[in-house]
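Count the sequence shown with my numbering and you get residues -3 to 289, in order.
Treat each hint with caution, since some may be false.
Here are the computed lysine to any residue pairs in the SDA-like style, where the Cα-Cα straight-line distance is at most 20 Å [as the list claims (entries may be wrong)]:
| hint | residue 1 | residue 2 |
| --- | --- | --- |
| 1 | Lys212 | Gly79 |
| 2 | Lys135 | Ser169 |
| 3 | Lys24 | Val42 |
| 4 | Lys212 | Gly77 |
| 5 | Lys229 | Leu200 |
| 6 | Lys229 | Ala27 |
| 7 | Lys229 | Gly80 |
| 8 | Lys212 | Lys229 |
| 9 | Lys212 | Tyr224 |
| 10 | Lys212 | Pro127 |
| 11 | Lys212 | Asp228 |
| 12 | Lys24 | Ala242 |
| 13 | Lys229 | Ser211 |
| 14 | Lys212 | Ala195 |
| 15 | Lys135 | Arg86 |
| 16 | Lys24 | Pro5 |
| 17 | Lys24 | Asp226 |
| 18 | Lys135 | Arg175 |
| 19 | Lys212 | Glu202 |
| 20 | Lys229 | Ala241 |
| 21 | Lys24 | Leu197 |
| 22 | Lys135 | Thr125 |
| 23 | Lys212 | Gly80 |
| 24 | Lys24 | Asp228 |
| 25 | Lys229 | Asp240 |
| 26 | Lys212 | Ser256 |
| 27 | Lys212 | Pro199 |
| 28 | Lys229 | Pro208 |
Okay, the calculated beta carbon distance ranges per label pair [claimed, not checked]:
| hint | residue 1 | residue 2 | range |
| --- | --- | --- | --- |
| 29 | Phe244 | Tyr224 | 26 to 36 Å |
| 30 | Gly153 | Phe244 | 36 to 46 Å |
| 31 | Gly285 | Asp39 | 48 to 58 Å |
| 32 | Gly285 | Ile221 | 38 to 48 Å |
| 33 | Lys135 | Arg273 | 15 to 25 Å |
Note that these hints are calculated values from the structure, not bench results. For each residue, glycine too, the CB sits at the ideal point set by N, CA and C.
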Amino acid sequence: MTPDNSGPPGVYVVTGSASGMGYEVAAKLSAAGHRVIGVDQRDADVIADLSTPAGRESAVAAVLAAAAGSLTGAVLAAGLGPGGGRERSRLIVEVNFFGVVELLGGWRDALAASGDAKVVVFSSNSTTTVPAVPRRTIKALLDGNGDRAVASLRLHGRVGPVMAYAASKIAVSRWVRRRATSPAWAGAGIRLNALAPGAILTPLLEEQLASPTESKAVQRFPVPIGGYGDPDKLADWAVFMLSDAADFLCGSVIFVDGGSDAYFRPDDWPRAVPLLRLPAYLLRFWRFGRRSG
-3 MTPDNSGPPG VYVVTGSASG MGYEVAAKLS AAGHRVIGVD QRDADVIADL STPAGRESAV
57 AAVLAAAAGS LTGAVLAAGL GPGGGRERSR LIVEVNFFGV VELLGGWRDA LAASGDAKVV
117 VFSSNSTTTV PAVPRRTIKA LLDGNGDRAV ASLRLHGRVG PVMAYAASKI AVSRWVRRRA
177 TSPAWAGAGI RLNALAPGAI LTPLLEEQLA SPTESKAVQR FPVPIGGYGD PDKLADWAVF
237 MLSDAADFLC GSVIFVDGGS DAYFRPDDWP RAVPLLRLPA YLLRFWRFGR RSG
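Using the sequences and the hints given, assemble the complete structure.
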């Protein structure tokens, strides 16, 4: 099932389809002859507020009804960046984390029904370039406790939304990697991966550049190749990750960020399994053999 004109038309759901990278992905899939079910707060097939449990539930149900129970693929591009307002941190974790994992949980059976589905979750290079992100915030999100995640950021003051954004993207990336190789996902023929953009000239980045408190930091942020990324070209990456060429791609987080991640941590990755983790490694090795057998 390829998202181009060489294969049969598919049915794809794209969140955040009204603007930015989600819009570009939806446009490319539609241009290739596929049916796209867009999800956003406006100008979409499914109008839903992903910052609330009720909004997420309605999005799940509406997409399943529109797709008649079978999805070729999904692109989770909806997201909020750091910004002002007392409730910004809460909105960020609700949309960026729960607006991904709850929707995918609700669509999993429809993705499995296609027999060869691809899912792309939009992560961020903030997962590796923002320092001192609170571990307790990440853990709270992975435990499904949004209230605790928000409470863990209260002492961070004005940088709370920055930490919330990075924590939400770290948590969603780990969620992807934890589930991607499981029988419920890989075993069901679903390829689950994440795309981690850097500074891409989307409405989210334009909002930061227009902010007196954020613009200087954004402009000074290291991008070795210079400039900002093009949303249209980032969409090509997402479409590639939905294609047959990505059949062997599973549980990966692909950085497309102009070299920022490599600049900050050139020697951090790849890294061999440390000796202290050898018992856990061997246990997982044994468990997989038992599962395969």
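Hints, verified against the model:
For the proposed pair Lys212 and Gly79, the alpha carbon gap of about 14 Å is at most 20 Å, so the pair holds. A threshold of 20 Å between alpha carbons decides the hint, and for Lys135 with Ser169 the separation of about 13 Å falls inside it, so the pair holds. With a C-alpha separation of about 19 Å, the suggested pair Lys24 and Val42 falls inside the 20 Å cut-off, and the hint holds. The straight-line distance between the Cα atoms of Lys212 and Gly77 is roughly 16 Å, inside the 20 Å bound, and the hint therefore holds.
Straight-line distance between C-alpha atoms of Lys229 and Leu200 comes to about 17 Å, which keeps the hinted pair within the 20 Å bound. In summary, the hint linking Lys229 to Ala27 is supported, as the alpha carbons are separated by about 15 Å, within the 20 Å threshold. Between Lys229 and Gly80 the alpha-carbon distance is near 29 Å, which puts this suggested pair outside the 20 Å criterion. Under the criterion of a C-alpha separation no larger than 20 Å, the hint pairing Lys212 with Lys229 is inconsistent with the structure, at around 25 Å.
Among the hinted pairs, Lys212 with Tyr224 is consistent with the structure: their alpha-carbon atoms are about 15 Å apart, no more than 20 Å. Only pairs whose Cα atoms come within 20 Å are accepted, and Lys212 paired with Pro127 is accepted, the gap being roughly 18 Å. For the hint linking Lys212 to Asp228, the alpha-carbon distance of about 25 Å lies beyond 20 Å, and the restraint is violated. Restraint check for Lys24 and Ala242: the C-alpha separation of about 17 Å stays at or below 20 Å, so the hint holds.
A hinted pair counts as satisfied when its Cα atoms are at most 20 Å apart, and Lys229 with Ser211 does not qualify at roughly 24 Å. With a CA separation close to 14 Å, the supplied pair Lys212 and Ala195 stays within the 20 Å bound. At roughly 15 Å between alpha-carbon atoms, Lys135 and Arg86 fall within 20 Å of each other, so this suggested pair holds. At roughly 13 Å between alpha-carbon atoms, Lys24 and Pro5 fall within 20 Å of each other, so this suggested pair holds.
Straight-line distance between C-alpha atoms of Lys24 and Asp226 comes to about 14 Å, which keeps the hinted pair within the 20 Å bound. The straight-line distance between the Cα atoms of Lys135 and Arg175 is roughly 16 Å, inside the 20 Å bound, and the hint therefore holds. A distance of roughly 13 Å separates the Cα atoms of Lys212 and Glu202; the hinted pair therefore holds under the 20 Å criterion. Between Lys229 and Ala241 the alpha-carbon distance is near 17 Å, which keeps this suggested pair within the 20 Å criterion.
Distance hint between Lys24 and Leu197 is fulfilled; the C-alpha atoms sit about 18 Å from each other, no more than 20 Å. Between Lys135 and Thr125 the CA atoms are separated by roughly 19 Å; this keeps the pair inside 20 Å, and the hint holds. For the hint linking Lys212 to Gly80, the alpha-carbon distance of about 16 Å falls within 20 Å, and the restraint holds. Among the hinted pairs, Lys24 with Asp228 is consistent with the structure: their alpha-carbon atoms are about 9 Å apart, no more than 20 Å.
A distance of roughly 19 Å separates the Cα atoms of Lys229 and Asp240; the hinted pair therefore holds under the 20 Å criterion. Note on Lys212 and Ser256: the hinted pairing holds, with a Cα-Cα distance of about 17 Å set against a maximum of 20 Å. Taking the CA atoms of Lys212 and Pro199, the gap is near 17 Å; set against the 20 Å cutoff, the hint holds. Of the supplied pair hints, the one linking Lys229 and Pro208 is violated, its CA atoms being roughly 28 Å apart against a limit of 20 Å.
Against the hinted window of 26 to 36 Å, the Cβ-Cβ separation of Phe244 and Tyr224 comes to about 31 Å, which satisfies the hint. Taken as a hint, the range 36 to 46 Å holds for the pair Gly153 and Phe244, whose Cβ atoms sit roughly 45 Å apart. Between Gly285 and Asp39 the CB atoms are about 50 Å apart, so this pair conforms to the stated range of 48 to 58 Å. With their beta carbons about 43 Å apart, Gly285 and Ile221 fall inside the hinted range of 38 to 48 Å.
Lys135 and Arg273 have their C-beta atoms about 19 Å apart, which keeps the hinted 15 to 25 Å range intact.
In the structure shown, a violation is registered for the earlier hints numbered 7, 8, 11, 13 and 28, in ascending order.
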